[in-house]
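Those protein sequences? They're chains A, B, C and D, same order as listed. No gaps in the numbering here: position 160 of the first sequence is 160 in full-length UniProt numbering, and each next residue is one more. No gaps in the numbering here: position 51 of the second sequence is 51 in full-length UniProt numbering, and each next residue is one more. No gaps in the numbering here: position 324 of the third sequence is 324 in full-length UniProt numbering, and each next residue is one more. No gaps in the numbering here: position 38 of the fourth sequence is 38 in full-length UniProt numbering, and each next residue is one more.
No lab work stands behind these hints: they were computed from the structure. Computed from a predicted structure; not experimentally measured. Possibly wrong hints are sitting among the right ones.
Below, simulated DSSO-like cross-link-like pairs (lysine-lysine); rule was C-alpha separation at most 27 Å, straight line [what the hints assert, rightly or not]:
1. C/K328 - D/K12
2. B/K163 - B/K408
3. C/K45 - D/K12
Okay, here's what each chain looks like letter by letter:
There are 4 protein chains.
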Amino acid sequence: MNYAQARLPREKVFRDPVHNYIYVQHQIILDLINTREFQRLRRIKQLGTASLIFHGAEHSRFTHSLGVYEITRQICDNFQRNYPTKVPGDGGWDDHERLTALCAALLHDIGHGPYSHTFEHIFHTDHEAITAEILTSPETEVNQVLRRVSATFPAEVASVIQKTYPNPQVVQMISSQIDADRMDYLLRDAYYTGTQYGTFDLTRILRVMRPYKDGIAFAMNGMHAVEDYIVSRFQMYQQVYFHPVSRSMEVILDHLLGRANELYQTGQSDESFIPHLLLPFFNHEFNLQDYLNLDDGVLTTYFIHWRQSPDDILADMAHRFLDRKPLKSAVVTEDTAALLPRLQDMIRSVGFNTDYYTATDNSYDLPYDDAYDPKVTHPLTQIELQEPDGTLQELSTVSDLVNAIRGKFTGDQRFFFPKEMLNPGDDAPEIFQPIYDDFGRYIQNNQLIHPKEN
Amino acid sequence: MNYAQARLPREKVFRDPVHNYIYVQHQIILDLINTREFQRLRRIKQLGTASLIFHGAEHSRFTHSLGVYEITRQICDNFQRNYPTKVPGDGGWDDHERLTALCAALLHDIGHGPYSHTFEHIFHTDHEAITAEILTSPETEVNQVLRRVSATFPAEVASVIQKTYPNPQVVQMISSQIDADRMDYLLRDAYYTGTQYGTFDLTRILRVMRPYKDGIAFAMNGMHAVEDYIVSRFQMYQQVYFHPVSRSMEVILDHLLGRANELYQTGQSDESFIPHLLLPFFNHEFNLQDYLNLDDGVLTTYFIHWRQSPDDILADMAHRFLDRKPLKSAVVTEDTAALLPRLQDMIRSVGFNTDYYTATDNSYDLPYDDAYDPKVTHPLTQIELQEPDGTLQELSTVSDLVNAIRGKFTGDQRFFFPKEMLNPGDDAPEIFQPIYDDFGRYIQNNQLIHPKEN
Amino acid sequence: MNYAQARLPREKVFRDPVHNYIYVQHQIILDLINTREFQRLRRIKQLGTASLIFHGAEHSRFTHSLGVYEITRQICDNFQRNYPTKVPGDGGWDDHERLTALCAALLHDIGHGPYSHTFEHIFHTDHEAITAEILTSPETEVNQVLRRVSATFPAEVASVIQKTYPNPQVVQMISSQIDADRMDYLLRDAYYTGTQYGTFDLTRILRVMRPYKDGIAFAMNGMHAVEDYIVSRFQMYQQVYFHPVSRSMEVILDHLLGRANELYQTGQSDESFIPHLLLPFFNHEFNLQDYLNLDDGVLTTYFIHWRQSPDDILADMAHRFLDRKPLKSAVVTEDTAALLPRLQDMIRSVGFNTDYYTATDNSYDLPYDDAYDPKVTHPLTQIELQEPDGTLQELSTVSDLVNAIRGKFTGDQRFFFPKEMLNPGDDAPEIFQPIYDDFGRYIQNNQLIHPKEN
Amino acid sequence: MNYAQARLPREKVFRDPVHNYIYVQHQIILDLINTREFQRLRRIKQLGTASLIFHGAEHSRFTHSLGVYEITRQICDNFQRNYPTKVPGDGGWDDHERLTALCAALLHDIGHGPYSHTFEHIFHTDHEAITAEILTSPETEVNQVLRRVSATFPAEVASVIQKTYPNPQVVQMISSQIDADRMDYLLRDAYYTGTQYGTFDLTRILRVMRPYKDGIAFAMNGMHAVEDYIVSRFQMYQQVYFHPVSRSMEVILDHLLGRANELYQTGQSDESFIPHLLLPFFNHEFNLQDYLNLDDGVLTTYFIHWRQSPDDILADMAHRFLDRKPLKSAVVTEDTAALLPRLQDMIRSVGFNTDYYTATDNSYDLPYDDAYDPKVTHPLTQIELQEPDGTLQELSTVSDLVNAIRGKFTGDQRFFFPKEMLNPGDDAPEIFQPIYDDFGRYIQNNQLIHPKEN
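Start from the sequences, fold in the hints, and give me the full structure.
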């Protein structure tokens with residue numbers, strides 16, 4: 001029998017706390033899970049530094065990837081049972097697309113590395129490009145499995161992830177404003193953090209989802225379930241993904257990797273310890289295998305070494321990251337941004353290197369984007385609701401709640417600084433006290449403010 | 001104010017998926033959580049290799065330790081509200097013990113290292129001794145915090161964990177057949193694996209728990225809740241902790257570390273790579289700081305190097321561990337143990353080194369031990385139920401279910417071998433086929449059997 | 001000891017699926033629960049006709065009342081632990097108010113009768129007035145219990161429910177936009193219907209709640225939890241409380257009781273059956289005891305008799321209610337309201353009495369009302385958020401989501417009609433077919449529309 | 001198209017808190033749900049008097065019946081997907097049986113009346129016989145629906161419920177030691193009571209269930225899930241179904257209906273009130289329609305009347321039932337049964353009619369019955385586990401836990417008496433005090449005992 005269609009003699013399941021079971025029915029899916037590249041995802045945390053704030057959320061990209069696969073599988077089952085295509089172009093679901101969709105779902109994050117966001121910032125890697133490379137490069141086990149379907153299959157799966165695949169139903173399953181990826185991570189992150197904001201009614205959303213000619217729509221009577229999903233997503237961004245302490249730990253990580261890189265580039269590294277697995281990245285000449293050797297544990301192993309580095313800044317940054325000593329932060333507005341130099345002066349004058357001990361970071365998200373703009377490379381398609389007679393209506397035109405947050409960036413800009421500025425501690429030099437006092441006048445209700453005149 | 005009693009100006013909470021919130025009310029508890037030694041527990045998985053089977057269960061000893069603290073806190077609250085001591089020796093709860101109990105609960109696992117069970121087997125470390133050392137050695141941050149209470153406080157807390165503390169109520173809270181430790185890990189492991197076997201009614205158990213002169217008893221009308229807990233524990237052992245694939249991954253880990261050690265001891269190590277952080281252990285001269293530098297990530301970082309070792313066995317063991325290639329297994333009984341040499345011969349004859357590719361492992365647990373034996377160093381106290389008139393009755397005398405499994409070791413002995421012996425694969429040399437066929441006759445229904453005569 | 005403060009020798013618990021346990025600590029609370037008037041609430045469904053749509057939601061006002069009590073108890077505990085008053089007027093919580101608050105919480109719904117909304121419409125009863133009467137009339141067991149505290153206590157408790165009690169903290173606990181009543185019914189109705197819209201993070205809301213001089217505020221860092229509660233409430237109204245089929249069953253109930261009343265007033269009742277327990281209401285001369293004899297079962301018992309009434313309309317309405325045969329409905333807008341007479345003509349012309357077989361009903365709710373208007377008898381106080389420095393901010397000024405739905409009535413107006421108009425069935429007279437066809441042109445996507453010209 | 005196979009144009013769902021959704025795919029199932037006889041089940045509580053103890057558990061037989069249908073549907077889906085029959089007699093599943101199984105599942109409880117157990121005891125009705133009659137009598141709507149499939153279909157469905165249907169797979173789905181009926185009520189009662197004892201892993205049990213020639217077996221690797229189900233069932237009986245207060249309320253109900261019956265038979269009824277709907281039962285000449293007019297509300301409506309009866313015992317029994325005034329109870333053993341006459345004398349001597357104010361009741365259950373005895377009319381089939389090679393093993397031979405409780409009746413015998421005997425209250429005549437004191441010596445730890453000699 002054809003490998004592409006080869007069903008396992010008996011369906012295999014993986015116990016999953018979010019979806020109860022992950023059902024694997026194709027030999028190829030099992031083979032992909034068993035590749036070295038996919039198993040590596042077990043060693044990369046899904047939430048990065050946020051797990052230092054929400055201690056329960058230590059889950060990996062491995063479990064998330066299985067979850068995205070499972071939701072995609074359920075969508076395919078539903079589409080095939082209820083909306084199979086009868087004649088080409090009728091807007092129904094063509095089940096020959098199933099395997100492509102399942103593989104893309106499973107592999108969509110395979111190019112992620114440890115603490116991707118920060119790592120990419122320092123070392124200029126690109127997890128999306130690497131995902132494509134892992135799928136299409138003949139040296140990977142993933143490619144070897146995919147190729148058994150057909151010579152063009154690896155590129156096809158990659159094109160779904162890159163949103164260039166011709167069938168918009170398949171693309172939107174994996175990447176749109178309400179796709180298997182987002183649905184799994186919201187539910188999973190809510191489960192593992194123990195917050196309840198991220199929960200929404202997955203079963204009902206899957207039930208009202210339906211294919212049409214240009215992608216995927218939702219039955220009008222499921223409007224409130226979709227609305228609830230948008231609100232959940234909005235809340236998870238506000239409460240979890242943009243948590244100021246998590247962003248503070250990312251600032252520290254960024255400065256830590258940046259310092260190590262700088263020391264290396266300027267020949268000041270401690271020669272008694274060589275971070276072998278990072279060298280290709282310091283040297284800007286890494287190959288795919290170098291990248292695939294990285295994981296969270298490799299970075300923290302080096303941090304353990306660096307915590308004892310003769311370079312004070314490197315050692316302190318490593319200590320702050322490993323032992324969780326975040327910076328403090330305050331919200332900055334357009335109106336108060338001009339105060340930042342003055343604050344940095346104070347921080348410098350009590351002895352901190354402000355390049356490493358301060359930062360400004362903004363985190364903004366568009367909770368719902370109704371503006372489909374075909375010029376954007378990866379347009380986020382808007383969410384369409386379908387009336388009983390087939391008419392489509394864009395979500396924000398019927399939902400007051402979604403209309404309220406559509407097209408609006410939410411989040412904030414924050415200034416990060418050592419918490420010693422607000423709580424100097426008993427052993428702080430007394431002569432600095434006036435500086436600390438002055439600094440405190442600029443911070444109120446977690447905001448940067450123009451201090452009141454005395 | 002006295003540091004020991006210093007309450008936080010405002011109660012602090014940690015969001016927890018199992019207990020909803022962890023409530024921290026004392027400055028000292030917050031300070032302990034913020035120590036380097038305690039933060040390290042974030043980097044050590046609670047379930048070790050079982051997370052390779054139950055993919056959702058990637059939680060750390062850090063979250064479990066917080067959970068044990070929280071359950072202990074709830075027990076103290078309940079005892080203080082309902083059963084405060086009035087005259088010494090009346091069997092009531094003396095709330096001066098609270099801080100000792102809370103610290104012991106939080107720190108009971110602080111000496112654990114990466115994959116403790118296996119690591120200790122190879123390197124002869126002892127996590128219980130190290131726990132005591134972390135508490136009492138002046139060089140640790142934990143000790144520095146504890147010492148602020150009093151000079152003897154670190155040793156007092158250590159003695160609770162070692163079960164030599166004079167107040168049996170405090171000791172049993174942390175270590176007995178139904179203690180805060182076991183209750184947290186059962187609920188937590190059940191939550192993260194997504195199995196439902198481990199769930200029991202914690203609120204009800206806490207409600208029926210009460211102090212008495214010799215420790216902690218349970219109201220008779222809570223008998224079924226206690227019974228349900230014992231059955232849950234029994235099921236978690238059968239289903240999760242003794243899972244044959246998890247034990248197989250431990251076998252591989254054991255052989256991997258053993259091989260690395262052997263190569264080092266015999267001077268055959270690959271000189272191009274030095275596992276700095278393991279050297280003190282290879283050399284049998286580690287200090288506390290060396291131990292505290294270890295975590296799961298350090299080991300897997302070395303495994304990534306070893307996966308490319310010139311030593312084939314080391315490389316293959318590292319590959320099998322990192323890329324999750326378990327051995328197969330079959331149950332061995334007294335009756336079939338004699339067949340093992342014959343099977344090992346076959347395995348050897350198709351080319352495997354049986355020292356590394358086979359193993360025999362037994363996992364047994366006593367689901368409920370009603371025999372209090374004071375000669376045992378760490379006696380597990382039996383569970384006592386209290387009638388309305390104060391009479392005590394040992395659990396198994398009133399519960400048929402518990403009586404059924406009391407004093408009975410459950411678990412099994414298994415023989416581990418390469419799965420290639422049962423599924424040789426397409427590229428296996430044809431001349432070995434008769435050996436594979438012969439081997440298969442010895443395995444039926446996952447058991448080792450005396451093959452039927454042809 | 002004083003009865004008011006009499007604690008039970010041992011705290012008593014009621015197992016509750018929503019709050020896990022309801023904790024009763026005062027003798028008086030237990031005595032109130034055991035009164036005849038309170039036990040009667042077991043026989044009155046919380047959701048009325050909505051249980052005919054959400055079949056799982058068959059819970060009674062009894063369970064809801066216990067839940068409101070429990071949430072109030074938790075609020076008092078939190079206030080007393082963290083914000084006790086120190087000097088009069090400092091905005092802290094005075095725990096002498098606890099018993100008044102608990103009794104008001106427990107008894108706030110005690111005057112409800114069967115299917116209150118509809119019953120009041122037909123018989124001009126008023127459950128709020130009756131609640132006050134049950135508390136203050138010496139003939140009730142509730143009054144006898146309350147009076148044991150003091151002669152004025154019954155009236156004090158009643159004044160909390162009537163919002164005239166002087167302490168605004170106590171009043172807002174029981175009646176405000178985010179009170180124990182609403183919080184319990186949202187969580188409870190969500191649990192029993194099995195929908196997930198109504199869930200929000202109760203523990204977190206209780207945690208951020210705090211008393212101040214003019215009532216109750218919420219810490220600013222709990223803003224998202226409050227926001228989520230408002231959205232949940234909005235969704236429950238849209239999805240459950242305003243469900244069109246539930247409203248249709250209420251229409252039928254209204255017409256059923258109306259028809260019985262009309263037959264009685266006009267001397268046309270079937271003399272072979274006397275609905276003894278309703279006679280006082282038909283005769284407009286009921287006393288409190290008559291009212292307290294009513295419950296859901298009394299009404300349905302009469303409906304079972306009426307289902308076999310010689311009056312066709314009464315019999316059919318009873319059949320439709322008991323055997324769940326709802327009317328259909330369509331949304332009416334200002335623009336389409338003018339079409340209703342034409343539709344009623346058609347319905348009449350196929351033989352239906354439109355007084356009984358059609359209705360227009362609107363259900364609107366204000367999801368969040370930020371306009372505190374002291375002229376309104378029962379002003380709904382706005383929700384205040386408290387900054388770390390004590391400043392208050394009204395919720396909709398900081399939440400985009402809440403701002404979006406504030407002050408906006410949501411819901412719809414619907415026209416109800418026999419479903420036979422759209423699905424005449426096989427045995428419908430053929431000559432009516434053109435009327436059915438014409439009727440169908442006015443309904444599209446569940447809306448009343450101006451039909452397209454042919 | 002054939003009515004039997006008529007699929008709904010679109011699958012219809014009912015939101016259910018236990019199974020999330022109930023999926024209805026056949027027109028006939030929807031038609032059955034809409035019958036008058038099935039809708040009546042909404043007005044009959046699933047747990048009877050137990051809802052007076054577990055206040056959350058007010059759910060009806062309607063919701064349970066939908067749940068049994070849904071589990072059966074899922075079993076059929078699984079069997080059809082994985083184990084379809086290929087040749088007759090191969091032990092596979094023949095999907096032509098599906099509709100019969102689904103109808104039997106839905107209708108298995110349709111003959112239940114209000115508080116069946118007690119009602120049958122007084123009026124000698126038989127809900128199993130009535131179930132068969134509702135299915136086969138041409139006057140019911142249920143029969144009219146079933147007949148549309150074929151003339152013999154009603155009797156076929158009835159024979160499944162009566163366990164005489166030839167296909168043992170279908171029979172065991174609905175009635176065996178681990179069937180859809182038991183699985184739904186355990187999960188549902190656990191959900192609504194809020195206890196956690198009744199939960200078990202339904203998904204896993206459904207997964208390991210498989211048809212074989214003589215019925216239904218379970219894969220050996222699902223042994224622990226089956227074991228957990230048996231233990232859950234055992235615990236629900238101990239904790240919920242045999243709750244002494246619930247049994248006490250049943251005693252009161254029994255004496256209440258018995259008293260009413262006795263008064264009627266002896267011509268002593270209060271003539272001012274006629275319980276029309278009960279007369280056919282008093283007169284021993286009821287027809288099916290009389291039976292179908294009964295529900296919980298009809299009984300409680302009559303109790304409301306009787307609460308004001310001139311007959312003191314009838315009035316007090318009605319009051320005790322409506323206003324929840326249970327009797328007390330104590331466990332009686334063989335050894336203490338001889339004391340009962342002495343206790344009854346005391347109870348009588350303080351003025352209680354012991355015929356009405358005392359009772360002895362035993363509740364016993366066989367948690368697991370491994371003895372298949374074909375002579376028993378309705379044999380409970382034992383649970384069979386299937387090895388990978390197809391061999392069957394009876395559950396208790398492989399499970400220590402099940403073996404422990406197999407074939408053992410658990411439960412107890414209790415003596416019920418007025419709680420005034422233990423707590424006479426302030427207004428009890430002083431001269432009776434010695435009797436109360438004496439009585440109290442016979443009760444210790446909720447057991448009847450031989451009092452200690454003074």
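>> Please verify whether C/K45 and D/K12 have alpha carbons no more than 27 Å apart.
In response: Roughly 26 Å separates the two Cα atoms, so the pair holds.
> Within 27 Å, alpha carbon to alpha carbon, are B/K163 and B/K408?
Replying inline: holds (25 Å)
> Between C/K328 and D/K12, is the straight-line Cα distance small enough, at 27 Å or below?
Replying inline: It holds: about 17 Å lies between the C-alpha atoms, which stays within 27 Å.
Comparing the model with each numbered hint stated earlier shows that all of them hold.
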